[in-house]
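Student: When you get a sec, could you build the whole thing from the sequences and use the hints?
Protein chains: 2
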Amino acid sequence: MTPKIIQGKKAKDDTVNNPKVRNPKRGRGRPLVFDRAAALQAAMKLFWERGYEGTSFDELIDAMGISASSFYNSFDSKEALYCEATSSYLDWAGQWFLAILNDPSIDTKTAFAHLLAATADEFTRGDHPLGCMISLAGTHCSPGMKNIREMMVEHRAFSESVMADRMRRGVANGDVPPATDCDMLAAYYSAVVRGMAVQARDGAPREKLGKIGRLAMQAWPQRSAEH
Amino acid sequence: MTPKIIQGKKAKDDTVNNPKVRNPKRGRGRPLVFDRAAALQAAMKLFWERGYEGTSFDELIDAMGISASSFYNSFDSKEALYCEATSSYLDWAGQWFLAILNDPSIDTKTAFAHLLAATADEFTRGDHPLGCMISLAGTHCSPGMKNIREMMVEHRAFSESVMADRMRRGVANGDVPPATDCDMLAAYYSAVVRGMAVQARDGAPREKLGKIGRLAMQAWPQRSAEH
DNA sequence: GGAATTTTGGAGCGATGACACCAAAAATAA
DNA sequence: TTATTTTTGGTGTCATCGCTCCAAAATTCC
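These protein sequence lines are chains A and B, in that order. Per our numbering, residue 1 is the first one in the first sequence, and the count goes up by one each step. Per our numbering, residue 1 is the first one in the second sequence, and the count goes up by one each step.
Hints are supplied without guarantee of correctness; some may be wrong.
Straight-line alpha carbon distances no greater than 27 Å define the calculated DSS-like cross-link-like pairs of lysine-lysine that follow [what the hints assert, rightly or not]:
id : chain 1 : residue 1 : chain 2 : residue 2
1  : A       : Lys-146   : A       : Lys-211
2  : A       : Lys-211   : B       : Lys-208
3  : A       : Lys-45    : A       : Lys-109
4  : A       : Lys-109   : B       : Lys-211
5  : B       : Lys-45    : B       : Lys-109
6  : A       : Lys-208   : B       : Lys-109
7  : A       : Lys-146   : B       : Lys-45
In case anyone wonders, no lab produced these hints; they're calculated from the structure.
Tutor: Okay, here's the thing in structure tokens:
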């Protein structure tokens, strides 16, 4: 799921570069007093809810339940943490995303209908922040956030390319019209998903997102071409 | 175009409440050395490009070409400036937006096709920042930005309601199928526009946005109902 | 001209941002 | 036990944030 990762900084300790952890299970030295994975999850949810700029360092370590010292012992910087949190998010979101696109029991059109329905569900679940951590991140930000911005642009382009690839497989399999412009159709569904993320953030209920997804499926190509 | 405006702070000087200006044309006292409207435009473009959190006070007054003293003499706060900049943006964007939706020479479906085409054009023009100042603003931010967040949510809801109203007029006029769920169809086109804003920010060219808009028009209801 | 009014330049303020430093603490290895 | 390694608590730092204050400057009113 993850494309080339752009990291803000190189790890200071190059014995282990990504992620930074010196005492993985049971090494010498004082043991970690916190669960690194759980702390990362907490940071991810805070970034997801508030964005990178909207999340302060103190709020982060508070949510992670650790001190500044412990933080910098296990992570390189706020920016590096954001990269890791993004990877963690994509590991999770990539599961349902790719599972649906690669489901061999359904045809291409059905796969995208399922994808949009799942998006409506996942964007409005109660056990994590609304919407999506990728869709709207780094779109308007200061020049100092260039690294993060480029990373998010790449993540968005990557998910779009995954959708286009699935459509091309559909063309090859014969369940998508051969004249279909897969890149454009993927860009369209990508845009719809981004728009659903905005709606979710603004409080739209699951059913509303579901209907948006069903309307979006009206653009699926019929037997003849479209361009 | 502008719905109920939520202001961050009340103007300190209640002789003139919105906008704050004591020496409008030619009053007593030292005259303003800068063009307030031009400074506001400059601030608007910076906010548009970088977002609220991504724009610092020093960058703002630098782009506006004024000092901190002059700033606080003519504006109440960064937040109040953002509200004014947003209003200024909506005054401008509302022009083409409403002009298309109220064009009496075209039917409802054509109006929305024009609307999406114009969106593709306006989101990718070279004489101002890419995308839209409203579509993605305040979606992920800190709790301290509650006022701004709620303001942007309201602006987005308002433009969606304007689209729904236009559709209902189409139903009344008979050029939109009577069983159409106008609120849902408007939510769908609203989502598409938000997605086009993301694509524009990520560097998608005008033609790509145009094709997304044309694909989105495939969801327009035929003679029979859809829900 | 003098008084009143308003804006401007310039310095500075308290709070917060992200992070660095270092000695003490807690583990393992010998 | 002692040496070694690693993490932790606590404090400090340096820059930036949005904003304030005040005396000087520039205008109009009388």
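Student: Give a verdict on every hint.
Tutor: Going through the hints against the structure:
no. : hint                     : result
1   : A:Lys-146 with A:Lys-211 : violated, 36 Å
2   : A:Lys-211 with B:Lys-208 : holds, 24 Å
3   : A:Lys-45 with A:Lys-109  : violated, 32 Å
4   : A:Lys-109 with B:Lys-211 : holds, 20 Å
5   : B:Lys-45 with B:Lys-109  : violated, 32 Å
6   : A:Lys-208 with B:Lys-109 : holds, 22 Å
7   : A:Lys-146 with B:Lys-45  : holds, 18 Å
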